[in-house]
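Colleague: Listed below are the residues making up each chain.
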Amino acid sequence: MRRIVFVTLTTVTALVLLFSYHTSTNSAKVASTPAVRPRGSSGPAAATYTGEVGDTLWGPVQVRITVRGGKITLSEAVQYPKQNRRDVEISGTALPILNQEAVQRQSAAIDTVSGATLTSDGYQRSLQSAIDKAHL
Amino acid sequence: MGMPISIHVRGADVDSPTVAQGVEAAFALLREADRLFSTYQRDSEICRIRRGELDPTQADPLVRQVMTLCQEAGELTRGAFTCLLPDVDGVLRFDPAGLVKGWAASRAACRLADLPGFRYCLNAGGDVVVGGTDDEAGGEPGAPWRVGIENPRDRSQIAEVVELQHGAVATSGTAARGAHLYDPARGTFVDRTGSVTVVGPDLMWADVWATALFVGPASLHGLFSEVADGYRVISL
Numbered sequence: 001m002r003r004i005v006f007v008t009l010t011t012v013t014a015l016v017l018l019f020s021y022h023t024s025t026n027s028a029k030v031a032s033t034p035a036v037r038p039r040g041s042s043g044p045a046a047a048t049y050t051g052e053v054g055d056t057l058w059g060p061v062q063v064r065i066t067v068r069g070g071k072i073t074l075s076e077a078v079q080y081p082k083q084n085r086r087d088v089e090i091s092g093t094a095l096p097i098l099n100q101e102a103v104q105r106q107s108a109a110i111d112t113v114s115g116a117t118l119t120s121d122g123y124q125r126s127l128q129s130a131i132d133k134a135h136l
Numbered sequence: 001m002g003m004p005i006s007i008h009v010r011g012a013d014v015d016s017p018t019v020a021q022g023v024e025a026a027f028a029l030l031r032e033a034d035r036l037f038s039t040y041q042r043d044s045e046i047c048r049i050r051r052g053e054l055d056p057t058q059a060d061p062l063v064r065q066v067m068t069l070c071q072e073a074g075e076l077t078r079g080a081f082t083c084l085l086p087d088v089d090g091v092l093r094f095d096p097a098g099l100v101k102g103w104a105a106s107r108a109a110c111r112l113a114d115l116p117g118f119r120y121c122l123n124a125g126g127d128v129v130v131g132g133t134d135d136e137a138g139g140e141p142g143a144p145w146r147v148g149i150e151n152p153r154d155r156s157q158i159a160e161v162v163e164l165q166h167g168a169v170a171t172s173g174t175a176a177r178g179a180h181l182y183d184p185a186r187g188t189f190v191d192r193t194g195s196v197t198v199v200g201p202d203l204m205w206a207d208v209w210a211t212a213l214f215v216g217p218a219s220l221h222g223l224f225s226e227v228a229d230g231y232r233v234i235s236l
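Protein chains in written order, with the numbering used here: chain Z, 1 to 136; chain A, 1 to 236.
In short, the hints are calculated from the structure, not lab data. For glycine and all other residues, C-beta sits at the position ideal for the given N, C-alpha and C. Worth double-checking, as some hints may not be accurate.
[Said to hold, decoys possible] Derived contacts from chain A toward chain Z, CB cut-off under 10 angstroms, selection only: (1) 8; (2) 121; (3) 126; (4) 127; (5) 128; (6) 145; (7) 147; (8) 151; (9) 173; (10) 236.
[Unchecked claim] Computed beta-carbon distance windows for the label pairs: (11) A:189 to Z:110: 26 to 34 angstroms; (12) A:221 to Z:110: 25 to 33 angstroms; (13) A:153 to Z:110: 15 to 23 angstroms; (14) A:110 to Z:110: 24 to 32 angstroms; (15) A:43 to Z:110: 34 to 42 angstroms; (16) Z:110 to A:18: 26 to 34 angstroms; (17) Z:110 to A:166: 15 to 23 angstroms; (18) Z:110 to A:53: 43 to 51 angstroms; (19) A:226 to Z:110: 28 to 36 angstroms; (20) Z:110 to A:35: 28 to 36 angstroms; (21) Z:110 to A:20: 21 to 29 angstroms; (22) A:17 to Z:110: 25 to 33 angstroms; (23) Z:110 to A:192: 22 to 30 angstroms.
Could you put together the complete structure from these sequences and hints?
Modeller: Set out below in structure tokens:
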């Protein structure tokens with residue numbers, strides 16, 4: 001059984017405005033950076049997929065996953081919020097845990113997540129985006 | 001904040017034009033909802049209604065439908081769910097965004113349900129709706145989708161997994177956007193930790209109940225058990 005996933009950048013761009021709640025720290029819109037094309041072959045060799053940039057209240061988070069033999073073998077945060085000490089603090093604790101989690105979660109075969117949030121939200125969305133692109 | 005919407009389709013021949021058309025139809029419905037309800041597009045019908053420039057009775061039928069649903073949701077939840085929210089100046093104004101999210105995603109998913117022989121999972125910013133049948137499983141729903149519910153106190157962890165073949169999962173809480181959920185009874189935004197997840201047949205109503213149960217009094221759980229047939233709650 002094959003599966004395929006669809007994510008449209010235009011929908012992300014259009015809907016980011018609709019579903020933003022008004023908060024006191026309401027900030028910039030999602031970056032419109034187009035997704036990086038996968039590099040490397042998609043056969044038995046590893047292929048690297050970079051997710052779309054996920055915006056958070058504190059800045060962009062983007063994740064790159066490496067897929068080998070249809071399994072995620074490595075997750076890396078390519079950019080993460082580091083504008084102030086608090087950002088780095090949160091990213092410092094949240095991202096390494098999530099790197100492991102991302103790989104473990106994939107092996108636990110979670111298809112999707114309900115309740116993703118903030119910095120983790122940016123990461124999670126980006127991971128989902130990366131998984132979508134890998135057509136896992 | 002960004003809210004990407006992803007659609008997963010499973011089944012044989014997912015590369016077919018039929019599937020691509022169904023998915024495109026789903027996204028088209030979501031864009032339509034954005035056009036009507038975006039509070040960031042000055043000329044959207046919702047903005048014009050909020051400024052008093054458009055009489056609601058003259059609005060698009062979909063806008064009027066949402067307004068009716070907002071009223072029903074408020075009545076059903078004894079006022080815990082509301083679409084009258086404080087604007088930046090503190091004045092209560094009609095803001096159906098909380099209801100539109102689940103409503104629009106649910107409508108979009110209907111386009112996927114129209115695809116015979118395929119299963120789908122649509123995730124709209126944490127609101128999830130799944131369904132369909134799988135020709136490879138003899139027209140049965142097939143293996144369930146595994147929906148992870150995030151632990152609101154440790155966002156790197158999954159607290160529970162819900163297995164679902166048909167239905168919806170909606171989660172409300174403060175871990176995402178801070179105190180953005182409004183309690184109309186107290187006139188304040190709710191700041192407690194934790195989350196409420198509702199699983200049930202329809203995403204819009206699951207979302208309404210998740211919000212209502214998060215902001216409302218504990219006694220609302222009793223009403224939920226009585227009237228929300230087919231829905232269950234997970235409080236974290």
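Colleague: If you test the structure against every hint from before, which numbers come out violated?
Modeller: none
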